[in-house]
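Number of protein chains: 4
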Amino acid sequence: MSTATFGSICFDTGCFWKDGSNISKVNRPKEGKMFVKCAVNTNTQKPKKEVRIGVLGASGYTGSEIVRLLANHPHFGITLMTADKKAGQSIGSVFPHLVTQDLPDMVSVKDANFSDVDAVFCCLPHGTTQEIIKALPKGLKIVDLSADFRLQDISEYEEWYGQAHRAPDLQKEAVYGLTELLREEVKSARLVANPGCYPTSVQLPLVPLIKANLIEFRNIIIDAKSGVSGAGRGAKEANLYTEISEGIYSYGITRHRHVPEIEQGLSQAANSKITISFTPHLMPMNRGMQSTIYVEMAPGVTIDDLYHQLKISYEDEEFVVLLERGVVPRTHNVRGSNYCLMNVFPDRIPGRAIIVSVIDNLVKGASGQALQNLNGMMGYPENTGLLYLPLFP
Amino acid sequence: MSTATFGSICFDTGCFWKDGSNISKVNRPKEGKMFVKCAVNTNTQKPKKEVRIGVLGASGYTGSEIVRLLANHPHFGITLMTADKKAGQSIGSVFPHLVTQDLPDMVSVKDANFSDVDAVFCCLPHGTTQEIIKALPKGLKIVDLSADFRLQDISEYEEWYGQAHRAPDLQKEAVYGLTELLREEVKSARLVANPGCYPTSVQLPLVPLIKANLIEFRNIIIDAKSGVSGAGRGAKEANLYTEISEGIYSYGITRHRHVPEIEQGLSQAANSKITISFTPHLMPMNRGMQSTIYVEMAPGVTIDDLYHQLKISYEDEEFVVLLERGVVPRTHNVRGSNYCLMNVFPDRIPGRAIIVSVIDNLVKGASGQALQNLNGMMGYPENTGLLYLPLFP
Amino acid sequence: MSTATFGSICFDTGCFWKDGSNISKVNRPKEGKMFVKCAVNTNTQKPKKEVRIGVLGASGYTGSEIVRLLANHPHFGITLMTADKKAGQSIGSVFPHLVTQDLPDMVSVKDANFSDVDAVFCCLPHGTTQEIIKALPKGLKIVDLSADFRLQDISEYEEWYGQAHRAPDLQKEAVYGLTELLREEVKSARLVANPGCYPTSVQLPLVPLIKANLIEFRNIIIDAKSGVSGAGRGAKEANLYTEISEGIYSYGITRHRHVPEIEQGLSQAANSKITISFTPHLMPMNRGMQSTIYVEMAPGVTIDDLYHQLKISYEDEEFVVLLERGVVPRTHNVRGSNYCLMNVFPDRIPGRAIIVSVIDNLVKGASGQALQNLNGMMGYPENTGLLYLPLFP
Amino acid sequence: MSTATFGSICFDTGCFWKDGSNISKVNRPKEGKMFVKCAVNTNTQKPKKEVRIGVLGASGYTGSEIVRLLANHPHFGITLMTADKKAGQSIGSVFPHLVTQDLPDMVSVKDANFSDVDAVFCCLPHGTTQEIIKALPKGLKIVDLSADFRLQDISEYEEWYGQAHRAPDLQKEAVYGLTELLREEVKSARLVANPGCYPTSVQLPLVPLIKANLIEFRNIIIDAKSGVSGAGRGAKEANLYTEISEGIYSYGITRHRHVPEIEQGLSQAANSKITISFTPHLMPMNRGMQSTIYVEMAPGVTIDDLYHQLKISYEDEEFVVLLERGVVPRTHNVRGSNYCLMNVFPDRIPGRAIIVSVIDNLVKGASGQALQNLNGMMGYPENTGLLYLPLFP
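Residue numbers (full-length UniProt numbering), protein chains in the order written: chain P, 1 to 393; chain B, 1 to 393; chain E, 1 to 393; chain R, 1 to 393.
Mixed in with the good hints, there may be bad ones.
The list makes no distinction among identical chains, and a pair is therefore deemed to hold if it is satisfied within one copy or across any two copies.
With a cut-off of at most 30 Å between alpha-carbon atoms, the simulated DSSO-like pairs for lysine-lysine come out as follows [as the list claims (entries may be wrong)]:
#: 1; residue 1: 236; residue 2: 86
#: 2; residue 1: 236; residue 2: 110
#: 3; residue 1: 86; residue 2: 311
#: 4; residue 1: 110; residue 2: 141
#: 5; residue 1: 48; residue 2: 311
#: 6; residue 1: 187; residue 2: 273
#: 7; residue 1: 236; residue 2: 85
To be clear, the hints were calculated from the coordinates, so they are not data collected in a lab. Remember, predicted model here, so these are calculated numbers, not experimental data.
Based on the sequences and whatever the hints tell you, model everything.
Right under this line is the structure:
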């Protein structure tokens, strides 16, 4: 890591315990405090990063994940953080795991000065995001992690979110940021709508198979399982430890807001309207998402065909990994990383296949993919700052 | 991250979905499989790293953690991995979260070729380690993560481990690798005995306070709590999910093998024999360790004095962080990272203090500290490749 | 609870702290230990229970669960416990949560004396069970919790378990103990094959719907999720806390041994061979099982029809509860209890339905249903000793 | 269980699948819905219970736990449930695990009719409780689970709770309900202040040892660990799954409100003011509490003396169990039950001892002990309805 180049270098020049003879005379507390010091000189002068980043909505989990990922990024440096309810606070007081980072205090978004910002990650709730992004300086590159610009059909947004779209012109400009599938468009975009976590885990395996006409478009059944961090940091009874741990829960059966986003992506791939069955389940775990997808293969297609298609689709991708035949993807094996692992299995019922795809919902399903997108938008290699391996156990 | 410099760079040259007209003609499965490809050219040529690393005992949790940490290290590259029971297997088959890494297959330690290795991390069980290290080429730098070289008094090793020490000469040479306290010795060492997790979490706060005569040497009571990964990956009924989750357990009351190591460190700091009370508790969590330490302050000493001492001891350290007054360290906030967070609190009983110290037992308590040590031994900045932020939530 | 009638009754007759004046004179430890006593007289004479129970394989989780459930049973008393590897040990040493129970020590099954036993729960592993049961006295009532007598077609047993059936005559006699569906047969049975956990959670909702021709027999897709206790207490790396917690895992895709049992039950209901899609997932939780079942409704059938059928099928059942429309069953809400909660939901895809069914895999999925069966076999009300409410949180 | 006497008895009189010939003619959905029924006649007439119980504050965890425990109580029946914010709702809608119970809907406490109530469990938050209890009919027996009547010294209440005591006369009347230590007083009480969870786990082992002068009164250090359910069901960010799981946290160091309650109990036992060191830790588990207590033994006292004292203090108690020498109590082994397990261990430091005590914070630490108390107050055996064994795993 080039962090070494700006990290501290420790010139240890003689700690007090090197010289036992000195110890007896130090620190007789009663007679005037005399303290011994055991630290090292550190060069903490950090070089300026080329790209100045703003994080809007830094007090949520996707915001803090952006901060975590950028900590070791060689080119992106955070110069602005907003959080309306936590304005005036340091990131370390809101997220103590970030206490070691030297970052600007959070400000209210209305007080934010965008003059020294080149690009923003927008981690705000849907609904408010459209107007805020509309008001940003036009020169900014934007990756929006909310759902506000994901649905190209504005009427669909209104149907699922119960309110009129407030920035229809921006919607036309927005590029859907599923990097592996729309890489060139992302690179030249100004505003990227970062995909939802479920849609990412579903579209990565299904779009190539649909494009290649290997599976039927009907009766695609998605049984999805997610960790709790996807629900955010808001205080809700339903997400208390006591309510979540040691049990599972199917929520939003048929009504989850990621449905239209998934159907949009699959329908575009199919050039035909696809209606899916989608049942999300909440798991007693922080991070991780699995989509278990049940499909009918097109006539004459075999599991080998599916496997082969996914192999050639993704063999040169950094972050999408088709496992060896028979190996089952596990969410444990992507925790904290930007990888998507997938595989395809024969079903007992002839002609059917089972596809399993796993991601970390906060990384590839949110902040990691957002960084992947911004890397491309700013002209850097897509994987810059993203090669963290999964944390296991 | 300089990973960018050796990472893949994605030249996307036209995925099939860019050209809708092509799609209709691809893949009519019945008429000869024709597959579409949607991948990018990737330059995967990695530059050679300067330092060639061997990992002995790569199939355990500390071994896999070394691999995780080295994945982004700019100077250290793994060229040898041993695991007797898994010889011939790839790391990805033993630890699927490492499946993306291009590493040599594991070999039995007796078949290992050390000719292209500059340094080793030894992650083997205690007992067998002494003889294996004794047999290594003398030119190798070694960081041993077992307990085999931690106790300077060989008779104490025999008492606590129930067997004779098999490499007493090496014991004399071994340097105890609590970096912050013995930095210079570590830098010039050939063989470093990496501290245990509990001893790391206890000595970091206590040694400076003892050195400075701020606390009494008697009645130091340590109530320690650890995640389960410290127990390793061996299949034991006691460590099954069902036996661990949703409950806690005090194990090894007064008899834990980390006791002599802690007493050795504190006694050396005090220049006088210290006997501690030490009770470890197993927590239902993977990673994390907290030592809650109850001490009597020396006459006239105040909490402010303790705080001030710790502040000057560690204010320039990268990985040891004294929190602001009143802020309680939490294991959540070091997960996956090399940090030690600590703080000191007044007790209700006058004259007493409570010290809380947290680490990730697998990182600062094992593999992270090992890398910190080897960085120093090889002449690199101590924090090289170690600036991962904690993973939260 | 009539436990009161045989429980201890506490006649408190003057604890030492009632009389402060006495305290000063007690306990001067140096001068002869004189201790104060602060306990109560207890009548621990338990009445004999009518039915004498043997638990074969008492050292596993289903065995210990039998002990837990019988602790307050008014008619069944345990007189024999076997556990070959733990022979000679008390149940409290093997399962400390049962330390308060006054039970016979465990013996090896070959040393067991069945002369004072009226009925047995057989909690042994499959494979060995057939011969052991064959050798039992013919007068015993038996509920077998293994898989050894569940498959009526012996060739199917051999195919899925890889060995010949060793008691084909007993197989003919064995009654499949899904109580709600085969109540009368169970009552008159001598040997009951207790259903597997997955088959219980799947057949309870599906059999009535299939019987009533409300759903198609094809393309029944079952995405099942289970807690870890179903894997038993054997020491396996795969079931360590560190390998299970904070992640999920699809195991045995298409190959799980509960498949033939489920297909047997559904096919009998349909009077036609049904092949299912079945994918079990391991969840980071101790207890609980959910089957999310995706079905096609028969032409013209509506969700209301499914709901109505389940309602009339189960409205008078004690342990099977159809929730109010729209309420999603959660495993949290059956933990530790013998209940099965279920409900049916419309799918987004017209003509399809989603059925959710939850149980505690160790209770309704194993030991609770076994007790329910034995209650019936012995002529007692089915719910005797089984009305524990779920433990939440 | 006498539940059998009022439970349902299932007379199965011919389910449709007994007669395959009937099946073909049922349910041709298109031609008028004709459904088959597969249920049994059930006698659900429950006998009236002698004692009519009100639960004030039924929408919290201690309230729901009262409901769970009373479900099988032979003499106590719930006739009133209050919950101001959930008035008008059924218990099953607020706590779905209780959906099978036939209970009155919840009402606001101001609308409660106490005329058909003999005794109440008061599960309201501290602060509001005093006035509500003051307004209750004088003929009611009351067990108050809040902290409002635990501190006999009203000025101490004001100091720790920051408000004046509003029912000082009732305070004089209130009996502190640590049953094992104050059994006779509890039996004759009208108002019992149910002890806090931490104070229960600490006083049970320490009071007999202090009474017997076996331990020093100074430097009693209590390192306590609790499951999250003790924090209640209120929606707080700090108690979200994501904030709690996979980590531990020392909260309320030296300032926890259970401190004065513990000091009150120990000081009364000692006839001298005792100041304790008390540090509570929040664990990633729902239920369970452990106090690890570090004490100095009185001169000449041995571990055997402590063990012997605890043995004679509790050998005839139903719910307090001193384990065999050397066996460590685990919270896993009391989950869901009213037991307190304890043991005493020698410390490495001569003259010191380590005491471990575990309970389920919601049962023996709250609702179970409350029922134990009310049993006594109403003249029933203390253990009535409380002999649930722990749920493990």
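Now the hints, each set against the structure:
1. Within a single copy, residue 236 and residue 86 get their C-alpha atoms as close as 18 Å, and across copies as close as 16 Å, so both meet the 30 Å cut-off.
2. Taking the shortest alpha-carbon separations for residue 236 and residue 110, both the intra-copy value of 27 Å and the inter-copy value of 27 Å come in at or below 30 Å.
3. For a Cα distance limit of 30 Å, the shortest separation of residue 86 from residue 311 across copies, 28 Å, qualifies, whereas the shortest one inside one copy, 46 Å, does not.
4. Taking identical chains as interchangeable, the C-alpha atoms of residue 110 and residue 141 lie at most 30 Å apart only when both belong to the same chain, with a minimum of 19 Å there against 56 Å between chains.
5. For a Cα distance limit of 30 Å, the shortest separation of residue 48 from residue 311 across copies, 28 Å, qualifies, whereas the shortest one inside one copy, 41 Å, does not.
6. In this assembly of identical chains, the alpha carbons of residue 187 and residue 273 lie at most 30 Å apart only when taken from the same copy (28 Å versus 54 Å across copies).
7. Both within a single protomer and between protomers do residue 236 and residue 85 lie at most 30 Å apart by alpha-carbon distance, with minima of 17 Å and 16 Å respectively.
Violated hints are absent here; each numbered hint is respected by the structure.
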